[in-house]
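Colleague: As a plain string of letters, each chain reads:
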Amino acid sequence: MTFSAVDSWWWPFLFILIAGWLATDAWRFLGVYLGGRLRDDAPVLVLVRTIATALVAAVIGNLIIFPSGELADTPLWLRLGAALIGFAAFLLTGQRMIVGIVVAEALLLFGIYSL
Amino acid sequence: MTPSQHVDIQRSRTGWYLAGVRAAFSLPGLILASSFVGFAALAKAAGLTIAQAVFMTGVIWALPAKVVLVGAIMSGSSIFAAAFAVALSSVRLTPMVVALVPELRGSRTRQLTLYLLSHFVAITSWVLAMERVGDVPRDMRTTFYAGLGSTLTLGNMVVVGVVYALSQKLPPEISAALFMLTPIYFLTSLWASAREWATHLAMVMGLVLGPVFHVVLPEFDLLAAGTIGGFSAYAIFSLVQRRRPAT
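Read top to bottom, the protein sequences are chains F and H. As numbered in the numbering used here, residues 1 to 115 make up the first sequence, in order. As numbered in the numbering used here, residues 1 to 247 make up the second sequence, in order.
Hints may be right or wrong, so weigh each one.
[As the list claims (entries may be wrong)] With beta-carbon atoms standing in for the labels, derived distance ranges:
#: 1; chain 1: F; residue 1: V6; chain 2: H; residue 2: R13; range: 18 to 28 Å
#: 2; chain 1: H; residue 1: L217; chain 2: F; residue 2: L22; range: 22 to 32 Å
#: 3; chain 1: H; residue 1: L116; chain 2: F; residue 2: A5; range: 25 to 35 Å
#: 4; chain 1: F; residue 1: F66; chain 2: H; residue 2: A46; range: 46 to 56 Å
#: 5; chain 1: H; residue 1: L116; chain 2: F; residue 2: W10; range: 30 to 40 Å
#: 6; chain 1: F; residue 1: A42; chain 2: H; residue 2: R108; range: 14 to 24 Å
#: 7; chain 1: H; residue 1: S238; chain 2: F; residue 2: V6; range: 30 to 40 Å
#: 8; chain 1: F; residue 1: W77; chain 2: H; residue 2: L27; range: 20 to 30 Å
#: 9; chain 1: F; residue 1: F66; chain 2: H; residue 2: L27; range: 25 to 35 Å
#: 10; chain 1: F; residue 1: R37; chain 2: H; residue 2: A165; range: 16 to 26 Å
#: 11; chain 1: F; residue 1: A72; chain 2: H; residue 2: T49; range: 20 to 30 Å
#: 12; chain 1: F; residue 1: D41; chain 2: H; residue 2: R108; range: 11 to 21 Å
#: 13; chain 1: H; residue 1: T49; chain 2: F; residue 2: P43; range: 28 to 38 Å
[To be verified] Computed from the model, here is a short list of chain H residues facing chain F with C-beta under 8 Å:
#: 14; residue: A19
#: 15; residue: V101
#: 16; residue: T182
Hint data in this document are derived by calculation from the structure and do not stem from the laboratory. Quick reminder that beta carbons are idealized off the backbone N, C-alpha and C, glycines included.
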């Protein structure tokens, strides 16, 4: 039952619906069900926010340390250095996102071209 | 309600929908679109058709889940293994929605509206909503989020289709820079949207624990990093709050 197992036009779409749509929206719908029981100042929401944030941060960490595509061909120290210095620039300029992003991308591209 | 009041509410509802649309045309929206340029290239390289790539963008929407699904398709996984991998990578959507729903809900919001809107939840729209929804009148928040979420989703379906149709192979340096854009953007926006220092602490823990558990517990890395990082940040936060109730 792989993506190319059934030779018809609709099978890949059914595959995407089951392995993709159902596997993501089920979690979103569960969130609406559970969130509907909470007031917006419920203390437990701090815990929910820390868990949600740690999960998203884990995605970010993996994207930098274990990247996909052409980024995987760059050295780890370059990616880590670019991200850390970019983040420091973001903090030092009063949390201006564009500064952090431009600094990190400039360092990464400079590193790629000069290596 | 007099007819003129009714017209006023109608007008402001359209106005708030358009405010949500405008919020999508912003730096975060632009960066997300660039990430979808990278996804279109990935989908094409994986052998998906343009219709499948656009369909996937609309029905899954969350970018990490799509990358996982394309990876599973490329490695020839069965539909069950693929669904399991995507489900594991998407558990984080539940606490994100739980945190967002009480912010969006007004006094007369229907449950069905919230279920439909929840489909638009992914990192970018969530961060933007958590950041800006406080400035929107409570009864207009679902309208604002509908404008924001639908524009981001439909807009990026268009981006994926256009890039897929036009793309030659990108130079590797540009491709690497595009793949770096997503994490560095998430890094700064997630920090900027945090409400209390407990969330900042949780973010630092997640950043470190994610890669650690990727090596130690590869199947459950996000889940382990999220629950352990989230619970410990919350525990430290509560201990400090209890010791200093004045702050």
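Colleague: With reference to the structure, classify each hint as holding or not holding.
Modeller: Hint by hint, here is what the structure shows:
Distance hint check for F:V6 and H:R13: the Cβ-Cβ separation is about 45 Å, which falls outside the suggested range of 18 to 28 Å. Against the hinted window of 22 to 32 Å, the Cβ-Cβ separation of H:L217 and F:L22 comes to about 25 Å, which satisfies the hint. Checked against the hint of 25 to 35 Å, the pair H:L116 and F:A5 passes, with Cβ atoms roughly 32 Å apart. Taking 46 to 56 Å as the suggested C-beta distance range, the pair F:F66 and H:A46 does not conform, at roughly 18 Å.
Between H:L116 and F:W10, the C-beta spacing of about 25 Å breaks the proposed range 30 to 40 Å. Our hint of 14 to 24 Å for F:A42 and H:R108 holds, since their Cβ atoms are close to 21 Å apart. Taken as a hint, the range 30 to 40 Å is violated for the pair H:S238 and F:V6, whose Cβ atoms sit roughly 52 Å apart. For F:W77 and H:L27, the Cβ-Cβ distance of about 28 Å falls inside the hinted range of 20 to 30 Å, so the restraint holds.
The supplied range of 25 to 35 Å is met by F:F66 and H:L27, whose beta-carbon atoms lie about 26 Å from each other. For the pair F:R37 and H:A165, the supplied restraint of 16 to 26 Å is violated, since their beta-carbon distance comes to about 45 Å. A beta carbon spacing of about 25 Å between F:A72 and H:T49 agrees with the range 20 to 30 Å that was offered as a hint. In this structure, F:D41 and H:R108 meet the distance hint of 11 to 21 Å, their C-beta atoms being roughly 20 Å apart.
As the Cβ distance of H:T49 to F:P43 is approximately 49 Å, the hint placing it in 28 to 38 Å is violated. Taking 8 Å as the C-beta contact cut-off toward chain F, the hint placing H:A19 at the interface is violated, the least distance being around 20 Å. Hint status for H:V101 relative to chain F: holds, with the closest Cβ pair at about 3 Å, below 8 Å. Nearest Cβ of chain F to the Cβ of H:T182: about 6 Å, under the 8 Å cut. The hint holds.
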